[in-house]
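Undergrad: Using the sequences and the accompanying hints, generate a full structural model.
Going line by line, the protein sequences match chains A and B.
Residue numbering for the first sequence follows the working numbering, beginning at 1 and increasing consecutively.
Residue numbering for the second sequence follows the working numbering, beginning at 1 and increasing consecutively.
Wrong hints could be hidden among the right ones.
Claimed, not checked - In silico lysine-lysine, DSBU-like type, Cα no more than 30 Å apart, as pairs:
id	chain 1	residue 1	chain 2	residue 2
1	A	57	A	47
2	A	111	B	226
3	B	41	A	47
4	B	41	A	67
What the hints contain is simulated information worked out from the structure, not anything from laboratory work.
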Amino acid sequence: MSLLICENASLGYEGRPIVQNLSFTVEEGDYLCVVGENGSGKSTLMKTILGLTPPLKGSIKTGDGLKANEIGYLPQQTPVQRDFPATVREIVRSGCQNRMGLKPFYSKEDKARAEENIRRMGLEELAGRCYRELSGGQQQRVLLARALCATGRLLLLDEPVAGLDPKVTAELYQLIADLNRKDGITIIMISHDLNAALAYASKVLHVGHHLFFGSKEAYLDSEALSGLNREVTA
Amino acid sequence: MNGIFDKLAASLEFPFVRYALIVGTLIALCSSLFGVTLVLKRFSFIGDGLSHVAFGAMAIAMILRLTNEMPLVLVLTIISAVLLLRTGQNTKIRGDAAVAMVSVGALALGYLLMNLFPTSSNLSGDVCSTLFGAFSILTLSQTEVWLSVALSLLVVGLFVFFYNKIFAVTFDENFSRATGVNAPGYNLLIAVIVAVIIVLAMNLVGSLLISALIIFPALSAMRVYKSFLSVTICAAVVSVICAVLGMLIAIVADTPVGSTIVAVNIAAFLSFALAGKLKG
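TA: Spelled out as structure tokens, the structure:
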């Protein structure tokens with residue numbers, strides 16, 4: 001069974017559709033890259049997957065026992081976070097919120113889970129440090145560790161390398177690829193960095209005028225790509 | 001020097017002065033707790049707007065000649081908090097413009113009402129003490145003292161209980177919502193609690209100076225400390241110390257309580273800013 005099933009969905013705001021007739025599925029272990037021009041509806045799709053905006057028509061559902069709140073989400077950074085006084089550990093622990101309900105404090109298991117993900121992202125040395133003093137790449141790893149606290153199965157990454165230098169970008173892509181290949185975590189990544197995205201993804205979803213969903217190989221000879229290239233070069 | 005202590009000791013003989021100190025300390029404690037969240041969520045303007053609404057509500061309570069003004073002011077301010085938060089989330093009306101409208105409107109109408117239906121011969125004195133606090137904390141009735149104590153403890157209790165959720169919602173609202181935390185619900189809770197804090201703090205520092213009580217301790221703590229927990233604890237300690245110091249100075253030097261507390265807070269902020277710079 002699929003982790004995520006999108007059937008004939010129309011996505012948009014306040015009744016105005018941006019994307020129509022969108023259908024795709026995400027299987028366990030997939031690495032799906034969502035590409036498309038700016039304003040084509042990538043962010044709207046992401047918000048709909050997360051349940052922040054309802055689809056105008058059709059449905060996006062989780063399957064195979066995955067609950068809607070078990071999607072680990074790596075958002076783009078907000079201005080608020082840049083001067084937020086919080087340690088790495090405090091932020092990673094907050095990823096455990098989805099299993100807490102009304103329980104006010106973190107349990108031993110929650111804390112252990114946070115420590116494990118801090119280790120997994122190589123942040124042991126930084127655990128007590130202040131988030132706003134870290135470099136961009138380190139901050140992304142902190143948010144990735146937080147997302148891993150929320151899920152063991154599906155990660156949704158929104159432009160994870162935005163604003164990072166090439167070396168850090170490559171490291172972060174490698175880290176994400178390892179999570180996918182070694183730990184079997186399903187990845188959905190939104191990106192406009194087509195080349196790098198295609199280097200790691202197994203499937204591609206192109207949103208925009210031409211909708212495309214299929215394997216990376218099929219995408220490479222498809223209409224949608226030539227359409228995108230035309231728009232990029234134009 | 002002895003004269004000062006004699007004066008303090010003599011003042012502390014009066015039960016109403018002791019009540020005022022206890023209530024003032026509690027108010028300072030709970031106003032500082034939510035300061036960090038308000039500053040970081042860019043919600044400070046809501047606090048400012050609500051304090052003006054509280055002034056308007058106080059004017060209504062005065063002309064109705066209520067013996068106990070707090071419940072009415074509390075209800076009106078909470079309702080405004082809920083409404084302001086709603087408009088703040090509506091993208092069609094700019095949130096800050098709506099807040100400015102409501103706050104200036106409440107201030108103007110409050111003053112107008114107090115002029116049209118004067119309840120005492122000393123109108124400007126009444127207005128001044130509502131705006132700047134004067135010594136109203138010393139004239140709290142027994143009921144108001146207990147109500148203040150109960151509300152303060154409730155605010156502190158709610159903060160401790162929801163501490164981790166407040167942190168999550170403040171740091172990253174979208175992530176919290178995506179992981180199933182009811183972020184709009186917590187925003188509402190925060191707005192309602194801020195309304196309660198403002199009504200409480202109005203007795204201590206008056207409606208124009210409330211924002212200072214909420215924001216200064218948080219900003220001071222953020223100069224030096226780097227984790228959310230230590231900033232919160234430091235803000236609470238700074239706020240309580242400043243309030244107690246301010247109240248004692250006000251008693252000894254016969255200065256207005258509210259502005260003295262704010263002055264002490266400003267001094268604290270400057271020293272923390274300096275300490276932060278030196279620490280690097």
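Undergrad: Hint by hint, which ones does this structure get wrong, listed from lowest number up?
TA: none
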